[in-house]
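Based on the provided sequences and hints, a complete structural model is requested.
Protein chains in written order, with the numbering used here: chain R, 1 to 175; chain Y, 1 to 318; chain L, 1 to 439.
Calculated from the structure, these hints are not laboratory results. Please read all numbers here as calculations on a predicted model, not as lab measurements. Each residue gets a CB set at the ideal place from its N, CA and C atoms; glycine is no exception. Heads up, a few of these hints could be off.
Taking lysine to aspartate or glutamate and the EDC-like style, the derived pairs with C-alpha atoms no more than 16 Å apart in a straight line are [said to hold, decoys possible]:
1. Y:Lys179 x Y:Glu159
2. Y:Lys196 x L:Glu365
3. Y:Lys225 x Y:Asp141
4. Y:Lys137 x Y:Glu270
5. Y:Lys225 x Y:Asp115
6. Y:Lys77 x R:Asp168
7. Y:Lys31 x Y:Glu175
8. Y:Lys236 x Y:Asp2
9. Y:Lys96 x Y:Glu249
10. Y:Lys300 x R:Asp168
11. Y:Lys29 x Y:Glu240
12. Y:Lys77 x R:Asp125
13. Y:Lys96 x Y:Asp115
14. Y:Lys196 x L:Asp311
15. Y:Lys134 x Y:Asp144
16. R:Lys48 x Y:Asp144
17. L:Lys368 x L:Glu173
18. Y:Lys295 x Y:Glu305
Derived coverage of chain R by chain Y (criterion: at least 3 residues anywhere in the stretch with Cβ under 8 Å from a Cβ of chain Y; other residues may be distant) [what the hints assert, rightly or not]:
19. 13–23
20. 124–137
Here are the simulated distance ranges between beta carbons [as the list claims (entries may be wrong)]:
21. R:Leu21 x L:Gly206: 49 to 57 Å
22. R:Phe45 x L:Pro211: 58 to 66 Å
23. Y:Lys29 x R:Phe45: 32 to 40 Å
One letter stands for each residue in the lines below.
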Amino acid sequence: MSLERSTDWLRGWYGRALYQLCQSWALLGGVVLVALMVMSLVSIFGRKLFSAPVHGDIELMEMGAAVAIAAFLPLCEMRGHHIKVDAFTAWLPRVVSRYLDALAHLCCALAALILTWRTGLQMLDSREYGDVTTLLSVPLWIPLLMILPSLVLLAMAALLRSYLCVTDQQGRDEG
Amino acid sequence: ADTFVLKFGHFLPATSHHQRLIFEPWCEKLKSESAGRLSCQLYPSMQLGGTPAKLADMVRNGVADIVWTAPSYSPGKFPRIEAMEQPFMLPYGARKSNPMVWKFYEDYARDEFTDYKVLAMHSDGGMGIHTARKPVKVLADLKDMKLRASNRSSAKLIEALGATPVSMPPAQMTESISKGVIDGVLFTWNAMRDVKVNEVTHFHTEPSANQPALSSTVLTMLMNKNTFNRLPDDLKVIIERNSGPALNEFIGEVWDGEMDAAFKQTPASEIVQMSDADYQAMQTAAAQVADNWVKEVDGKGLDGEALLKGARAISQIQ
Amino acid sequence: MSGLTLGLSALGVLLILLMLRIHVGVTMLVGGAVCFLVLNQGDTSALLYTLNNLAYSRLSNYDLAVIPLFVLMGQFATHGGLSRAIFACASAFVGHLRGGLGMSAIGACAGFGAICGSSLATSATMSQVALPELRRHNYSGRLATATVAAGGTLGILIPPSVPLIIYAVLTQESIAKLFVAAVLPGVLAVVGYLLVSRIMVAREGGAENIPRASRAERVMALLRVLPVVGVFLVVIVGIYGGWSNPTEAASIGAAACGILAYMQGGLRWQGLRACLLGTAETTAMIFLVLLGADLLTTGLALTQLPAELADWVKGSGLSPMLVLVAILVLYILLGCVMDSLAMILLTIPIFYPLIMGLDYFGMTEAQKSIWFGILALMVVELGLITPPLGMNLFIVQRAAGDVSYQETARGVWPFIASDLVRIALLVMFPGISLYLLGL
Ligand code: NA
Ligand code: NA
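Next comes the structure, spelled out in structure tokens:
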């Protein structure tokens, strides 16, 4: 379920472009995750062998994980793989479940937009009040700002998904 | 008449003595004095969502009506009050130090809390070094030790003393000590038994009497301003009567009682007495922490030197 | 409206949305929002300010950061062909026995489960490795798919385990203790599945054995899985022995599996890319639900539903054992139609305080908390193979290609029976989970 898929079923160029964008964005998040893994290794071996852990390792992990995980969200939506319960709707005619799915993706888009809005406000608030992390004093608005594009991308992917459901071109990925 | 239920959030578990001996009795007092018109609903363990760092935000925005938190859990937000958290600033014991914290708040730090109705501003009674395997008797003992720090100032202090500060959530602290991930903690006697740190540490460093505490955390009980302003006048009076120095004093009583109890429960053989000279050496080593802090707050357009001087004058130790 | 009715109404709204195929994470957000809005009489400010911080504080939780790292570790193990080495080793030792290949598949699932935190990944990779072998040696489609689907659940029964991490975060329990507590029940699960697999082969007949491996072949096979054993030990002993915290142990495990995949499995850029995309997708699935659950848990706490329910049960005079059995039955029923992760996130905040408030065999809170965590893990695991919605069944059946879902679902019943026996044992003998902890 993790292998890459062709994007041929996406008819419009914008669909393919968005799919590629989500995929590249997730890869970037993956690179951040690998970097965190390495940082964690350096920290534990530094601590064990030289009593010198990476300064502020926990904070780095927290900020990095938030940025990486947020970057993963759009790809999963683009592929239509977010968890849902379909045991009750399996018997419905295809056209009905298509419109239900369109509704689901619309809700997801709405949720993503609301989270973008509120996280954006939080970012501004953090800037104004000068929130920083405990040991490294990294301003918190920076990681907050870095998860915003992911949330926007999630909303865009969800809107596209919803449109694809309405126009009956979900492709092989859905469900 | 209208009744008011205040949402009271904090980060400690429902079983902590803070909830049982401070928050619950205080709420009970409001309730009985208002004949049931004013009461609280307690939300321990961050049940209102978010992280401890966000408690101050939560009460400002009205997600909670009252919170109990440490200003320094939200680093950068309340720079002035951090003067009280500089190393060797406050004496041991909450009864002694709470009035100092309150006075400093009134004289120097009011401006940071204009968005809040401040109900209490007190200290954690002072922190000491508690270690699992090796006693800390002189400065050199700290070399290469890994100690858990609870806030920024104590992390910088640990670093200045030659040890390595490690930050971790309180929930992981005890387990990390028992497994040797860290060597010990810089922690207040008051909450030792709540998190069972006393069961895994076997050496508790004590300076001689009348020496200041290594480090302290300022704690505060904050109320949402709108919530307070919306109360009828007679209820406002009840809140006023049970806040400020009066609440500080009540907290101090309970706090020191718990500190004494934890101390008495500790075998005398586990207390590591430090000489004045050795303690002085630590103080010298840590001098840079306050200096750096002054530079840092200067950068924010505040007068760090004046704040530090004010704090020292109020705590009357140096 | 009392807190209890409000909380229950919110849960009702949530269930309806769930049934309409709305994303589980999104429905939980809506359920939580409903609690906020009703309690504040439509005033949105508390809800909005809670949302301000929701995304970042959930995604930046240090304990939860262990999840993407364990997922990455599983991806490396999958793409690096470590599953193949484990299966080869298992069949070198027991493949020649009657029903030996089925047992090898179970053993390989267990071995892979020891380095992978997810059941879906375990059954997906074992479908690639073990399924073709079983079919080639004349195992019926029904038995072969059921064996791999059930074996796949060992992915979470044997630590590391994503559901246990989530339980730990929800209840402020120690991940390390839960992992250790899961070891004996995991072994019990392996024994149960081996027995079932052996019995089913005997009943069906037809399945062939493979020739007995020579001693040299066995030694070679063993040598190839030694690194895997090493990784498992480093992770589990590292966490429990105090070498590292779980997040660091997961980093070590992921790095070690990555290196093994590079050296033994020929993992290169394309493979790394696939690993990262796979990690992204699985992690995203988990965290959207975690985001929603965060708001829902807060909303439910505001309604006081969990506390009131616990008080009500306490006052009702129902026997604690009856309450526990009712909860477990509810879990098993929910597990038939719901995703396991969503189920844990939805119910633990409600049921955990309830169990903690009741008396079981005079256990302490610390003991009950671990024991209930392992019980919850067991029923979650069962949900993966109970039809109609059994994720493992779907994955294995799809991979097989020529076996119908009904066939797979029918084949899995004996394994479900062994699960039920194990759950009953654990209910009656909590020591199975507590023994290794010395609790
Ligand atoms: Na596992
Ligand atoms: Na199921």
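For each hint, the structure was consulted:
no., hint, result
1, Y:Lys179 x Y:Glu159, "violated, 22 Å"
2, Y:Lys196 x L:Glu365, "holds, 15 Å"
3, Y:Lys225 x Y:Asp141, "violated, 48 Å"
4, Y:Lys137 x Y:Glu270, "holds, 12 Å"
5, Y:Lys225 x Y:Asp115, "holds, 7 Å"
6, Y:Lys77 x R:Asp168, "violated, 52 Å"
7, Y:Lys31 x Y:Glu175, "violated, 39 Å"
8, Y:Lys236 x Y:Asp2, "holds, 14 Å"
9, Y:Lys96 x Y:Glu249, "holds, 10 Å"
10, Y:Lys300 x R:Asp168, "violated, 57 Å"
11, Y:Lys29 x Y:Glu240, "holds, 13 Å"
12, Y:Lys77 x R:Asp125, "holds, 11 Å"
13, Y:Lys96 x Y:Asp115, "violated, 28 Å"
14, Y:Lys196 x L:Asp311, "violated, 28 Å"
15, Y:Lys134 x Y:Asp144, "holds, 12 Å"
16, R:Lys48 x Y:Asp144, "holds, 11 Å"
17, L:Lys368 x L:Glu173, "holds, 11 Å"
18, Y:Lys295 x Y:Glu305, "holds, 9 Å"
19, 13–23, "violated (count 0)"
20, 124–137, "holds (count 9)"
21, R:Leu21 x L:Gly206: 49 to 57 Å, "holds, 52 Å"
22, R:Phe45 x L:Pro211: 58 to 66 Å, "violated, 45 Å"
23, Y:Lys29 x R:Phe45: 32 to 40 Å, "violated, 54 Å"
Violated hints, listed in ascending order, are 1, 3, 6, 7, 10, 13, 14, 19, 22, 23; each of the other numbered hints is respected by the structure.
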